[in-house]
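Residue numbers (full-length UniProt numbering), protein chains in the order written: chain Y, 1 to 210; chain V, 1 to 365.
Hints are not guaranteed to be accurate.
With a straight-line Cα cutoff of 25 Å, these simulated DSS-like cross-link-like pairs (lysine-lysine) come out [what the hints assert, rightly or not]:
hint, chain 1, residue 1, chain 2, residue 2
1, V, Lys110, V, Lys219
2, V, Lys219, V, Lys107
3, V, Lys155, Y, Lys87
4, V, Lys195, Y, Lys87
Computed footprint of chain Y on chain V; a stretch qualifies when at least three of its residues, placed anywhere within it, have a C-beta under 8 Å from a C-beta of chain Y [stated by the list, open to error]:
hint, region
5, 12-19
6, 22-32
Just so you know, these hints were derived from the structure itself, not from any lab.
The model shown is predicted, which means the values in this text are computed figures rather than measured ones.
We treat Cβ as the ideally placed atom computed from N, Cα and C, and that holds for glycine.
Each chain, written out:
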Amino acid sequence: MVTLAFPDRAATPAAPPIAPSAPLSALVATLASDAALIEESLADPDRFAGLFDRHADEIHRYAARRLDDVTAADDVTAETFLVAFRKRTRYDLTRSDARPWLYGIASKLISGHRRAETRRLKALARQAPERAADFEERSAERVTADGLRPALAAALAGLSSAERDLLLLVAWAELTYEEAAEALGIPIGTVRSRLSRTRTKIRRSLESHA
Amino acid sequence: MNEDEIQLVARARPDAPPYAPEAKAAARRGLVAAAATRGPSRPLWRRPPAMLLAGALAVAVAATVPALLTGPGTEPGPGREPAGKVVVALPKLAPVSATEVLGRAAKAVKAELEPRDDQFVKVESETMYGAFSGKSVNTETGETAPETRYLYRTKRVIWQSADGSREGSLRIEYLQPKAYPGWPIPEEADDEAGKVEMLRLPVCDPLPARLRTDHAALKRLPADAGGMRAHLYESARDGGSKGDEDEAAWTRVGDLLRENYMPAAQRAALFEAAATIPGVDAVQDAEDAAGRRGIGVGRVGPDGIREDLVFDPETYELLGERGIVVDEKRAESPKGSLVASTAQLSVTVADEAPAVPDDDASGCG
Chain Y
1 MVTLAFPDRA ATPAAPPIAP SAPLSALVAT LASDAALIEE SLADPDRFAG LFDRHADEIH
61 RYAARRLDDV TAADDVTAET FLVAFRKRTR YDLTRSDARP WLYGIASKLI SGHRRAETRR
121 LKALARQAPE RAADFEERSA ERVTADGLRP ALAAALAGLS SAERDLLLLV AWAELTYEEA
181 AEALGIPIGT VRSRLSRTRT KIRRSLESHA
Chain V
1 MNEDEIQLVA RARPDAPPYA PEAKAAARRG LVAAAATRGP SRPLWRRPPA MLLAGALAVA
61 VAATVPALLT GPGTEPGPGR EPAGKVVVAL PKLAPVSATE VLGRAAKAVK AELEPRDDQF
121 VKVESETMYG AFSGKSVNTE TGETAPETRY LYRTKRVIWQ SADGSREGSL RIEYLQPKAY
181 PGWPIPEEAD DEAGKVEMLR LPVCDPLPAR LRTDHAALKR LPADAGGMRA HLYESARDGG
241 SKGDEDEAAW TRVGDLLREN YMPAAQRAAL FEAAATIPGV DAVQDAEDAA GRRGIGVGRV
301 GPDGIREDLV FDPETYELLG ERGIVVDEKR AESPKGSLVA STAQLSVTVA DEAPAVPDDD
361 ASGCG
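For reference, chain V alone in the conformation it holds in the complex (with noise of 0.2 Å):
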């Protein structure tokens, strides 16, 4: 085979600049911070590429409403408001304690959905992440860039094969991005606002079991409490970071629900376990992205941000997640800061996804 064109192109092979320390060392800082502020990761998110980290909920925070939820009354206003409008109060301990609403929670679960193998798990959403981008230093100019933050705000709709074996869709609306409390919103902020991506979702070798999230998956897990419980613990494992066991245990709850289908026997042992999970509490006033209010159940992550699950206080549906700001120093942001919000807008099932033409985005990886 006649090589030489390869080999000509290989002979002019520029020399390559060092590795500044610095850039280096920013980029490595970022992917720890990226790395500590995620449990097991969820395959499926996806951010604009301004952003170099996902927010600090970004995998931890969002929801999963069982039930087929109309749209939210109230729209939250798309217009940027300043850092402090978006403080909040802090959170109060509800008068019930989160044993008693996951418990609700667990007695308030009703099969609606069955989806086959065959078809999908089509669900709507509302979200607002932080997206963070590390200090940088152009080594040519010495300039420093500084850290920015600012929260962004997607609709999103997920088709996703019910176990796994067919090609699923991501739509993804870019709204208004906000600041992030006490941060000024940098001007890549608005690159995304108004784009619309789709995205497919391949199908993929396995992950393993534990870690799995197909509804086909689901179905197979515990129905028992203790059973869930397990599992929970189970899929942090072998983490070595000992004393986090609990945080990851619920960094996996919300996996479990999030743009999901979790069948009826398995939520309501999810929810029972949940409640086992050292450091929850419940706490009252917490709001989802689409402010429906209802009672938050959650814990302080250790970067000083509470992880509520937040439940309609009637009908103890799940309605979505928040992340608020407990400890401002760990946070890096005011005390009570709304960080995160999302809401499950409705789940449904799907004989098809959208077919999306081939994006370079997506990919098995």
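Same shape as in the complex, but just chain Y (with noise of 0.2 Å):
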């Protein structure tokens, strides 16, 4: 029923990039960019479904990835973009890229379904270890979701939220760390050194397992 402008954000045009001296290209540019949807949506609420469109999928895969039912990443991505409007007013707009922020929300509202969380890290932590062996000889891009090591669910459960939060969207949700630092709101230096103590806990995690 709900015709989507926006399929995905890769298949989305790059913008056309802005010459010197040609304002009305600029504007276009600016028009595309996700802080230029926000901005009208502050006038016009309707246009913030814009932003779902671009970017509702990518959300709602990387909770389905963290979380073991598909009704939470339904309610999580839901949920989401309800903040995001909410919250639209102190949107950074200089940010022309929306998704660290909204990455960010739905972080948060992952740690409010930790139980679903743990719950999977738990359930996969706890297969039988021929499977973990069996990973071993599987190549590295066949592994799918049952396929998550056990030793490394383990690893990964032991990990504190904010550990796991920034672990995840750099590893998962593929962001950049200047990108995590501005979906987390912590400084870039923290995220460095948080990711390098996360790496020692599931560095010693593993060996413990082996």
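Could you fit the two chains together into a complex? Lean on the hints.
What follows is the structure in structure tokens.
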């Protein structure tokens, strides 16, 4: 029923380059940014649906990867955009890409579903050890949801939610350090030190399972 | 830098199941519905996480009383009432015009508070708004969860930095919910009752000037009716939704008054300007959330709900706001139902806002 104007971010054509003395193309590029859409939505709330059309699939993918039930992922996605809508007046309009902001909101909501996430990680960690051995022989590219290595799942479950949020934004949502810093509202230095600490924790956890 | 563990986790990324079209369409509808019931958004509003959508009036309605009022004599009963009981009589046009009521309100305005930029405006209020959740489909079981509605009630105390430069706080105490007229009360309605939340209101990048509502910004608004009217329409400008400018202007009136302290000169100008918005009229027998009766001045919104400011019939002070169903079909609730109600109980100046430990829910977004 709903026609999606922007099926996927990847499919959205890049904004045309801005010629130094071409205000019109500058305007076109500006209008195409998430920030412009959010600014328009301040006066015309309906415009905010455009942000959903652009990024809902991506946010849903991320939520579905982190939570063990698709209904929870549906809820997180719906709620992410409602929260974003309510907070849109506080959006930093100098940030043209709204994805880090949306990921930040989604991360907080996923924390609210912590039980579902922990359940997922624990269930995966409990899988028979043969599966782990099996995992070693499979190529990395073939790893699927069921193939999340139990020892690794246990390691993830052992992280604090702040560590897990950051790690998975980088590893699964493929945010850059700068974007992850923006998403979580922490300085870039904290991103680096927290990731380094997280890596050590994972390494130790894997060693203890070896 | 050794990235091995991150790469390990990245390679173990699970496949994501597709976003079911029904769930996605429902989420989009919910968002569009939230957008449709709102004018320019109010950043400090926060609802319990169980609720998907804010009430129709969550943004449009709630009130500010300029004066320091004492608490209400009549507490609304906390008990749950059957849907029929919250239905009140249809508004009757008041014998005075909106212009007259608002004119008297403007004349009654006295300067009471002078918050300094480094102080906080503290407002206590009681609110009742609709909590909506959209119809949803569980893609695994195929079960359909019905659309639900109920009225959630809170006591709120908010401390807002007078010039937006300091971190404020918000205390929300959830009271017993009520049924939304015409709708069964869902189980989740009771989840929040009795809970108390403290939230930080962090300092964020400033809003565009036309959307700010902090005291320092209010002081700079025009102090004449014409200038204020231009502001009301400007803050709703370039909306693109033609024909809704009047609605947006009325929404802005509420946004400026709600949980806030509007300086006397601007408040008088605002009341006079509000009287010029097409569709605004006065009704008698309006009541605020604290049970105080008064005169309602408002207009019917696109959702079929009349949004009133409630004024004291003697002093013309603003008591609160209320929402009442006028168009049964559009509001999906019986005519005359009370679906939103607020009372501003006190407005004072404070030197400090209570410190709140870091909470996950706060942020500039």
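Structure-based check of each hint:
Distance restraint check for V/Lys110 and V/Lys219: the Cα-Cα separation of roughly 15 Å lies within the 25 Å cut-off, and the hinted pair is therefore satisfied. For the proposed pair V/Lys219 and V/Lys107, the alpha carbon gap of about 18 Å is at most 25 Å, so the pair holds. For the suggested pair V/Lys155 and Y/Lys87, the alpha carbons sit about 22 Å apart, so the restraint of at most 25 Å is met. The suggested pairing of V/Lys195 with Y/Lys87 holds, with an alpha-carbon distance near 23 Å, which does not exceed 25 Å.
Coverage of the region 12-19 of chain V by chain Y holds. Counting CB-CB distances below 8 Å, 7 residues qualify, and the rule asks for three or more. Coverage of the region 22-32 of chain V by chain Y holds in this model, with 10 residues showing a Cβ closer than 8 Å to a Cβ of that chain against a need of three.
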